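There are 6 protein chains.
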Amino acid sequence: MIIDIHAHVSAPIELAAYKASLLSHRGAHGRGKVGASDDQIRAAMEEPSRFFGGISHLAHLDDAGIDLQVLSPRPFQAMHSEEPAKLVRWYTEETNDIIHRVCQAYPGRFRGMAGLPQSPSLDPREWTHELRRCVGELGFVGAMLNPDPMEGTSPPKPPLGDRYWYPVYEVLCELDVPALVHSAGCRPPARESYSLHFIVEETINTISLINSQVFKDFPDLKLIMSHGGGAVPYQAGRFMPGALRRPEDGTFTDRLRRLYFDSCLYTQDALELLLRTVGADRCLFGSEKPGTGSARNPETGRWFDDIHLLIEDIGWLSGDERADLLENNARKLFGGLDD
Amino acid sequence: MIIDIHAHVSAPIELAAYKASLLSHRGAHGRGKVGASDDQIRAAMEEPSRFFGGISHLAHLDDAGIDLQVLSPRPFQAMHSEEPAKLVRWYTEETNDIIHRVCQAYPGRFRGMAGLPQSPSLDPREWTHELRRCVGELGFVGAMLNPDPMEGTSPPKPPLGDRYWYPVYEVLCELDVPALVHSAGCRPPARESYSLHFIVEETINTISLINSQVFKDFPDLKLIMSHGGGAVPYQAGRFMPGALRRPEDGTFTDRLRRLYFDSCLYTQDALELLLRTVGADRCLFGSEKPGTGSARNPETGRWFDDIHLLIEDIGWLSGDERADLLENNARKLFGGLDD
Amino acid sequence: MIIDIHAHVSAPIELAAYKASLLSHRGAHGRGKVGASDDQIRAAMEEPSRFFGGISHLAHLDDAGIDLQVLSPRPFQAMHSEEPAKLVRWYTEETNDIIHRVCQAYPGRFRGMAGLPQSPSLDPREWTHELRRCVGELGFVGAMLNPDPMEGTSPPKPPLGDRYWYPVYEVLCELDVPALVHSAGCRPPARESYSLHFIVEETINTISLINSQVFKDFPDLKLIMSHGGGAVPYQAGRFMPGALRRPEDGTFTDRLRRLYFDSCLYTQDALELLLRTVGADRCLFGSEKPGTGSARNPETGRWFDDIHLLIEDIGWLSGDERADLLENNARKLFGGLDD
Amino acid sequence: MIIDIHAHVSAPIELAAYKASLLSHRGAHGRGKVGASDDQIRAAMEEPSRFFGGISHLAHLDDAGIDLQVLSPRPFQAMHSEEPAKLVRWYTEETNDIIHRVCQAYPGRFRGMAGLPQSPSLDPREWTHELRRCVGELGFVGAMLNPDPMEGTSPPKPPLGDRYWYPVYEVLCELDVPALVHSAGCRPPARESYSLHFIVEETINTISLINSQVFKDFPDLKLIMSHGGGAVPYQAGRFMPGALRRPEDGTFTDRLRRLYFDSCLYTQDALELLLRTVGADRCLFGSEKPGTGSARNPETGRWFDDIHLLIEDIGWLSGDERADLLENNARKLFGGLDD
Amino acid sequence: MIIDIHAHVSAPIELAAYKASLLSHRGAHGRGKVGASDDQIRAAMEEPSRFFGGISHLAHLDDAGIDLQVLSPRPFQAMHSEEPAKLVRWYTEETNDIIHRVCQAYPGRFRGMAGLPQSPSLDPREWTHELRRCVGELGFVGAMLNPDPMEGTSPPKPPLGDRYWYPVYEVLCELDVPALVHSAGCRPPARESYSLHFIVEETINTISLINSQVFKDFPDLKLIMSHGGGAVPYQAGRFMPGALRRPEDGTFTDRLRRLYFDSCLYTQDALELLLRTVGADRCLFGSEKPGTGSARNPETGRWFDDIHLLIEDIGWLSGDERADLLENNARKLFGGLDD
Amino acid sequence: MIIDIHAHVSAPIELAAYKASLLSHRGAHGRGKVGASDDQIRAAMEEPSRFFGGISHLAHLDDAGIDLQVLSPRPFQAMHSEEPAKLVRWYTEETNDIIHRVCQAYPGRFRGMAGLPQSPSLDPREWTHELRRCVGELGFVGAMLNPDPMEGTSPPKPPLGDRYWYPVYEVLCELDVPALVHSAGCRPPARESYSLHFIVEETINTISLINSQVFKDFPDLKLIMSHGGGAVPYQAGRFMPGALRRPEDGTFTDRLRRLYFDSCLYTQDALELLLRTVGADRCLFGSEKPGTGSARNPETGRWFDDIHLLIEDIGWLSGDERADLLENNARKLFGGLDD
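Protein chains in written order, with the numbering used here: chain G, 137 to 475; chain Y, 137 to 475; chain X, 137 to 475; chain Z, 137 to 475; chain C, 137 to 475; chain A, 137 to 475.
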């Protein structure tokens, strides 16, 4: 069985139009609503998409043998840095509601992961109302956490190792749900695309977290770094010597292993490096499917994001490790997957 | 016959989704395209809309007896202040292309009025390429001009009486087409909604223009102030005494009459005040239909934006004046309406 | 009898020199004082002024048959945005003191309306000390309230519908006096003159107030919008459809009628539009005399600001309505006019 | 004979009122004019002033035996940092015109020293038009130069040793007139009063000039540092060691002596220190009379600004030195004093 | 006996390298340490220095007959404005520790004066921990206080007369130690060198203090203005007339005499002016030796900073006055010099 | 034979002290000089260092069998963002001069790689004077290029794919020398350490370059990305699908192979991933020795930066590939290594 913990909802075009509308009227028309019918919601999951290789979201899952997928909002659309803050709240709630409706439309196939209304002009405490609503009322099993609510504008908020984030950590621990660390959009004057910004943020915040007091203050906090941790596993050697200076905190590898990592990497070399660096027990299967990798590799004919095939190809992985990676680790981390 | 010179295209939802996409990826996905079929374009004009009183764009026109409508982009969606500037260019061009397709889909029923890619980080000279394309290649008959490309952010660009705008005026005169002055969105820290910002901008820029050198430097420039000129006709008395100080420029009324005004006001009192203040010969029929006024007045049963009925109700207007207002003034100002 | 509730003191030149001095030494010379004698104060009211058509303040009143005038500071001189804040306090207090001396010099002819030291770097609570002093100690009957203490600089303070202003509303209600909403100066980077800024601010803040909780939280609050409410009555139709969405708050007209409006408009068309739109019972006679309109209309020979003549010319106004407008409404709104 | 080269005009109150008016309307009323009569101009020079010890400007001169005084604008009123820039230009020109009228009203008693319209948003080249007008058309004999047109706001313009100032130096040399270096107002966030800012600016700019290329590039440039050079003569020892590192530029004293200094210091100790440090041949009599020092010293009964008495009391000064200081140095530096 | 209260430690080059390191890694390497041996510390005091005329710190003291010197950090190296704030704390503590080691290395020859970690992003309360440590644990006898922690960047913190500084004054009074007011570095956009900035800050803050409530609120506070008070004694006459307006606060001289001044001036004229202006009883011997003045005057052969020789040369000073200035005043002001 | 192209000079402590001095006086003391003797320069290379595992720079090279090392300035000390710009120029030139002296001290052992004075307030054209000097006069064989002269402050300069950098590329091509892309310091408000900033900058700029016109405009440009290209080889799969959209530019791998990469990674897994991803022919041996990795791995006893051992351990690498990586690729890319 395969559980995919990193995936984003394929929402009907009405959600995008709703977003465009909010950014046009900036609240003057009131909250409005997305106004998508159940049919439109199902169609968005079932109709072939030109952006994702010409097949549907569900077809991607079927092809890849993904049995259960944890669905979160599509991050680059989150618009956390837009003003006024109520736009962010409205859009986030509408998106989570659509995820909930998808979960209901396909019983047993999906679980929800909440987006948070991370407007930088709101206190992080304000963000947690939606987390409580999604877990408490909608049955979601986790949250996505954007480490850069400024979306590339300056000055940034403090990184995830800072006390600024503690109100969110408190509620995550209280509700006993994990968070997938995943940045959102990226705007000028930042130089990089949102996709590259993901990598940059994962890099900065992985290091920030493991050098911080966070896991001393929240020993039960469960954080999953997206995309295999940005640059960190690849650059791990660079940080090993420095870690020797504080032996009481363990080696760099020990520290990395306080975090979890998803497998969202599209080459076997990268995947092997990740598994070797942090251990299969700290990795969760995540495909981001359908998404950036949903194109066919002309050399192999495979989808780039057929990560389960890459995993199969790793000869040195034991059957147990493979099963943990594909299913069991997710079950341990997330409550509610067995419901 | 009724010619309506102030109206905005009813575009298929794909255009909004395209905008949302641009603002999410900020250019990282490339220009892309709206991808609306001809059927979708016609449907957007022909299907009832919950935003506009439950009937379609075309039905509104038919009900109101509007024979010919000059279609411009929907201004509050223009996003001129978004970065990077290429987003503005792409979105503006796509929008103009859709207007063009609407015109082609309904021969004789519509003419195009171009949106301009008024990114404040581009030189106004850059904006005029699209003006030339729309008039030269697409057969558009005018342009819409946003006097506040900053969309309520600060500091503003200079007002329309300033030389900053001369590159646009030069091309308008060269192509011999009029511009409808109409602001776009409005964002924090501005305090007002985009709709109220329209009024503010028309107020500030009407006064800026008539106190400037613009009509000395461009005697053939044809500018139409939207929404009956903001506050100016109502507040005209306030500006009359000051105008006496420079008698060589004429009275305040003389100066106002260097501009044109549309009739886009939804009360008869306001309409009468406008006509009395600037003269029927400086007014053009504009309904913004369907739009802000496309709701039924519960007291009268009429659509608020049934401006042609308000005009009919003005007893003191002669038949010639009424015909000028409804049709002839537009024909004089715009080339290409008879084609 | 005519009571004029919108008028600004004609102060001796010493007050302007005092202001110039404050802005030159920025507080280094201490508070100082205006140093105008009683004779100078009377002269300023009685000597012909080249700025106001060559006759005196009192002569204007006599000519127009204004029996009682409520005098406030001349708004465009208020300098609320100047630093340090103590300059604003000193200048405001000195101005109010001069108004008080004028009231004393002409018993029965004038009442005082307080300027407030609205420095944006002070908490609005600080502004109310002067309001209490003027009403409690000097017998003033109301206050003038500037909705833009930033005077056109950015970012603006929140509009009048925001809780930011509640400390002022509380004291207005406690003292049971009305406020005349009237902006002050306007500086770069704003594009408009102070006089046009008046109109802009009245437009933005009329809409802000009637869409807010203010009159639910302060049902007894009495606010008078200057200059006939900026653009709002003229553009009323534009806002009527939107108001239908919240029927529990009444129609747009109902909402407008929670405010009062002065008659300070210099054309009969505008005056009629105002009276028709908001009702004669919500209008107060205000002439701003002598002021912007104190020039003779070369076509009619009348002073532009002879608003009482315009009112006389409105044939459809009943005698009672005329009396209410010219006198009774003011008596109802303002305490202390009968003393 | 005594020639006083540092003194500011006592202008009629109408000039202050004019300034207040400009800062209130910010240009909306047009340039206007001061509107002071010849009588008012004479009265301002001849009537006792409460700010200056209760006697008149002329009485001060008579009491002190000042035969000829070079009159400049009162610096703390210059408002160079106010926007828009045209206000600065108008006010400066009006002030210079009043100085000119004073000179004409008292033939042989006064000479004019021009204020410059030093708006920081104008190119310094723009400032020199008024310098040419004053010298060429009004017969002025020099200019006052404000080294901080930002008036204490940040960031400052470069100091006087920078090429930024060369357009002014070029015209000073071409016209062969000296400039009195004297700052103007001082606004928040600066912490000091305008009067203390004078001292700060003289300190910074004396050092900037003598460490620069200015006197190599303009060997004929004549600059007079006000108030005895700020802190520099007192702190001269502090700068002597550093000067030894570039012996080709001379000692620190040699460098100081490329400048001129006025005697505007109100204690004998300070005056003696100045004369000993820079030499009597580099000092010019300047009293700033009437001004900051126009109060009676309760211990001596003298006016604080009776600098001629302090000079008399310096026993070691030769008769020639005293005559040079009081008269001859000024005649050498300024053309036009003998006319 | 001579006690020198204004002198800065000659630290081994390792301290500068430590500073360079902090500013390079910005905290990433952790606090680290200076790592100077006792030998290096002694060498820095005993080896000839090319910056200070080719002889050693100790040789300077011996030559000048300075028996006891109060050593503070070298101010221009304090880097108070650098971020993050912990760099400032680390560097300040390391510097104070080196001063302490110097004091221990030469028993009876030196006393310590603490630098404070005046990061502008910390509350001044935070600065006082180090003051308590230095006085309480290291036996230091006073502190150096930088009135401009922004080091020339803008906006400045309030001047020393403001309540902002009260947390520091409270601890100074509680510990009963004096503070030497002395600014630190100076960075762009400020126009002046750090050395000239010293003078500017002393000028501004001397005036701020004596016009404030500080000495009413802290009657026992002991503040010493460096470098003879900047420009103030030289410009004292300028401030005397203004002081007459508040006779209850005493004359300007009375006010000046609430402060202390060091003798750190390198010309006899300046020194005499200081002593005459504030009185020998308010002056303390301070040489800044070795420092800015440690070069030989080619005309006299003396070191510029041989201030004791200048004092000897002042004929009118009595023996008692001279002894007070050189020794007794320091003993009265500082506790712990007799230990 | 082993040629190490990524290494930074071990300079005597005097260079750090020189930097500290510049940042303290900000130019006021003039340029000064480092003042290190030849003995000190040799000692810095030959004495054991506590920062680098207790052995010397040369000992590290000998231990690792590095025959020839290309020495550049130590990047985190470059201080490119400090003002005024002349500090950057002075410090860079002094550093390059020390590198030159090291090269001369050990003939045949080292070659110089120039630091550039990349002050963001200078035009990049200005930076190239030092490049010409180093190559033309000092015989250096390449340059180090910092892609973020703002050092983490905002807004950033454009990334390396932008025309902003063309003046540097032109001179690199003209002189036919490669550049090692390597960022410098990192300051608040950036959240990451300088070392992590290296990785972030390599990531952003690798992607910027391969998506730009740079290699079309400069086909001969030779750029080496440090630290194995940041995150890019590890995340390569993520960028492969997008590259398919522009097949004319080749696959993502093709594009990566327009750049060179150094081997500066401290785990075998990472090294293998790099070699597999970009090919051994695009990799150059670089150890950064001694540096971040110069600590002994407690598990293996090896130095972390013994990259040559990691390379030896890669069984699948052919002898030719190994020789190319360790020596031949460097000889092809750099001129002057054989001299």
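Please keep in mind that the hints were generated in silico from the structure rather than gathered at the bench.
Be aware that one or more of the hints could be misleading.
Remember, identical chains collapse to one label, so a pair may be satisfied in a single copy or spanning two.
As the list claims (entries may be wrong) - Straight-line Cα separation of at most 35 angstroms, DSBU-like style, residue types lysine-lysine; simulated pairs:
| no. | residue 1 | residue 2 |
| --- | --- | --- |
| 1 | Lys358 | Lys222 |
| 2 | Lys352 | Lys169 |
| 3 | Lys169 | Lys222 |
Being a predicted model, the structure only gives us computed values, none of them experimental.
Hints, verified against the model:
For a Cα distance limit of 35 angstroms, the shortest separation of Lys358 from Lys222 qualifies both inside one copy, at 29 angstroms, and across copies, at 30 angstroms. In this assembly of identical chains, the alpha carbons of Lys352 and Lys169 lie at most 35 angstroms apart only when taken from different copies (27 angstroms versus 42 angstroms within one copy). Taking the shortest alpha-carbon separations for Lys169 and Lys222, both the intra-copy value of 14 angstroms and the inter-copy value of 30 angstroms come in at or below 35 angstroms.
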